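Asker: Keeping their order, the protein sequence lines are chains A and B. With the numbering used here applied, the first sequence corresponds to residues 1 to 231, in that order. With the numbering used here applied, the second sequence corresponds to residues 1 to 429, in that order.
Heads up, none of these hints are tricks.
Heads up, simulated DSS-like pairs for lysine-lysine below, C-alpha to C-alpha not over 27 angstroms straight-line:
1. Lys8/B <-> Lys117/A
2. Lys148/B <-> Lys103/B
3. Lys16/A <-> Lys419/B
4. Lys346/B <-> Lys125/A
5. Lys157/B <-> Lys211/B
6. Lys125/A <-> Lys8/B
7. Lys16/A <-> Lys416/B
8. Lys140/A <-> Lys8/B
9. Lys119/A <-> Lys346/B
10. Lys346/B <-> Lys117/A
11. Lys18/B <-> Lys140/A
12. Lys159/B <-> Lys196/B
13. Lys8/B <-> Lys119/A
14. Lys130/B <-> Lys168/B
15. Lys140/A <-> Lys346/B
Hints listed in this document are in silico derivations from the structure and should not be mistaken for laboratory results. In this text, all values refer to a predicted model and were calculated from it rather than measured experimentally.
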Amino acid sequence: MIINLQNIRKSFFCGKPNELEILHGIDLQVDSGEFISIVGESGSGKSTLMNIIGALDHPTEGNYYLDGCNIGSAGDRELSGIRNQKIGFVFQTYNLIARTSALANVELPMLYGGIPKQKRTARAKELLELVEMGERMGHKPDELSGGQKQRTAIARAMANNPSILLADEPTGALDSETGRHIMDIFHRLHKEQGKTVILITHSKELAEETERIITLKDGEIAGERRGGTIC
Amino acid sequence: MLIVENIKLAFGALFCNKMRSLLTMLGIIIGIGSVIAIMTVSSSLTASISDSFQEMGANNITVGIKQSGEEEEVRNNGMRFGTSGRTVSADEEDLITDEMIAKLQSAYPEQIEAVSLSETIGNGTAESGKSSSNLSITGINEGYFTGKKISLLAGRKIKQSDLEGSRKVILVSDKVVETLFDGDNHAALCQPVSIKFNTINETYYIVGVYKYEESSNFSSASDQELTTTAYIPLSTGKEMIHSNNGYSQFTAVTASSINSVSEFADKVETFFAPYYAANEDYEIAASTMESMTESMSEMIQTVAIAIAFIAGISLLVGGIGVMNIMLVSITERTREIGTRKALGAKNSSIRLQFIIESVILCLTGGCLGILAGFLLGAVAASILGYSAAVPVGAILLAVGFSMAIGMFFGYYPANKAAKLDPIEALRYE
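Here chain B stands alone, though its shape is the one from the complex:
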């Protein structure tokens, strides 16, 4: 009962000195606000990163070779990227061969839905008549598109028979068709285009047209200058560059019936171990999107916690400000305290009154901070291009923490008020 009355009283005092209350709360508002803003940005960042990783294929296992000595460092970072993105100066005997992949597939026919292989051939142009279009030519196998998002507008993808016969067929984007065939996707099918690449000039037949997705690459080039990816059979591509090498990495798409992709990744690693047992320089690493997502989120979290710690210092300063203003308030209201005691208030009632006042002050500041922080975080997230996620945990923590600050920094002034001698307090001018 006393608590409810005290809460009413505290709000009364808060609104009575609006300016003073606001200035006192500023430290708490800034502290809580910045924590919430950071948490909003980081949680929306984490959400969107794991979303895009999922899009790239949660069922994928990237198997690659990596230099043996790097293991420690790589594991410590929590990263299992293998050697992707590195320049591997590996010899032919270090690479993964078609034979190994075939054996892996036959060893786990149930678990592996497809194996995706690709090799960048290089940049070239496609010409038909007088117009030409820039291409980035990639050799792929049949399983390349498994689990990938691609929308075919006309024709078909690369087939196994294309690979076996090393056919000169090509899958191009609709942008290429726009330039070469005035955008008629169906008319473009089975049409010959001459592909120029280095000194090579060969005729390929268009078997399919896919929809070009505007990627996040900031390209202001017009359609004619735009370089889009064109897919040719891997075997054809290898002939083109006179390469018969194995692969530094490939992607195994696991069947959706599998329970744990990461567990299967370990099995794949074990499977390849005998092949590389004698290899001093290289070994096999299998990584999953799951593990990549995890390590990315971990990294973001670590940064967020570090920044939140700094924001915590501003909360401490804010708390001291609250304590200061409570001491001022108690001095101002000495007579009131004396009167309350004369009317029968116990020391504990007085203590409760001022602690509640301090808690309400901090809690109001905390709520304003949550509001300000969330707005700030949402704006920052939208500037970065992510949708804002409400950090529920952080909000609950902020409410609890601001109450705790109120109690901690309110206790000393409240206790001082409770211990006032009623006679002295009544006589105070």
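This is chain A alone, in the form it adopts within the complex:
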């Protein structure tokens, strides 16, 4: 079990009159190598849950074990280390660093991980080849199409070979054909490299492709079922 959320609660504006509880006790276990999807409407707490899973935020209550370690009490140093080594983020809006090439973008997590320049560049090239971006690795984000940007972002997420890929609406800004291509890459990484993939999405069709579908409603897990056909 790689992710173990126990009775996670998250409140905002704690101790103030407008205190707001977004997550009302989430219990979720994810096994290593699973491909799950979290679906839910806007305001259901998807993003908040993703932030907690991604070690960007602390839960107000409850325990979160990532790879066996409780990260509820970790400070900036530990959390940034976890984000760097164990989790690969893929965002809906790509969030590539402007002004730097695709290659430099993929190198970035390795730079923060303290990997020497030569190894960094070799690994980044390898990853860009893997997502079929070998031809355009010298281009800057504003010279790339949406699909190319997202492929670069996936390569970047893979940079430090994390065990978990956390994708927040990765196809949300793409047309269906390009989105299909991106989804295929996730499937490939899941199958070939055994990555644990957590997909956060609106789309029921995409969710059906995953092994397990978690439905979130009003800050609680409303349903959990096996996915449909895995292509």
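For chain A, the structure is supplied; the task is to place chain B on it using the hints.
Answerer: This is chain B only, laid out in the frame that chain A set:
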């Protein structure tokens, strides 16, 4: 490793917003530029002043009388000019006599190479045939030319025997020869010229011709109207003006074997002290070129520091401009900061990134300022007629100072960036 990457990144950001970077750096450029310009001018000024003082004689000690009460003021200024250039209404008994000078020379035969005495007699004309030339007549002793730069074109200088016999001989400039003898320096030797001065009209014989050096006096007069100095024996000159007075000042040229000219100047002062012990009005002051150079340089330095202080204020304003633009830049790049944090950047990495960016911005401005300032200073120095000297110390200081400004004014924005909540930053539109 992170530092090198950050420096590359910072230059990237700098060139990405060329106009904005340039405007931000302007304050730093102006501040550093004006400091360097001032330092360039003042260091070339100091260099050329001490050069010209050295030329005038580093081994010279000017001994003069000065009014006793002035001591405090004079010392406080760091000036030891004695009474040179002042009108001294001193009585005969206050002046330095030949006897005193002779005793000084015999007391320090090793240290004193020569004693240079001179007395301005007045302005007159030299005539030969129908042509005439203006002269400024100066009576001198034998030691007058010791340590002075003068190039003799023909003949000889004033000799001891001229002085002893109060001979009517004269050393004139080549300009005089040009007017009176059509420029033939050798033909002019031993020729008589009639010297007219006040009501006196006497015949002198030319014993030497020296080369007239164009001085810095702005004289547009033609050769005929030009007044050049003519030297006659001091004793002859004194007879001419019926003066038997002593001297208000003289110059002792020290031997090059002496270690410290200033120290010897103190000894000279002590030597004269007994003669003036009973004198209520006057005392002796001995000054050296060394001390004059020092006090001149000190004065220039003080002015330079005062102006540099004002330039420092412009650096402060420039620094605030940098801080402002860094805050803008951080707001613009909030999402980037969020992304970096999500990818594993520590707070300290983010802080380092923005401090380096700010330092690079200031350093680039500083370097441009050094360049601009040096060019400006060199132009100003050449207009003033001095060769420009590179103020190395000021340049190093400027580089260090602009880095310090970058760090100081970059810290607050960088810290603000480092403390951003990654979730908020990622959500920022």
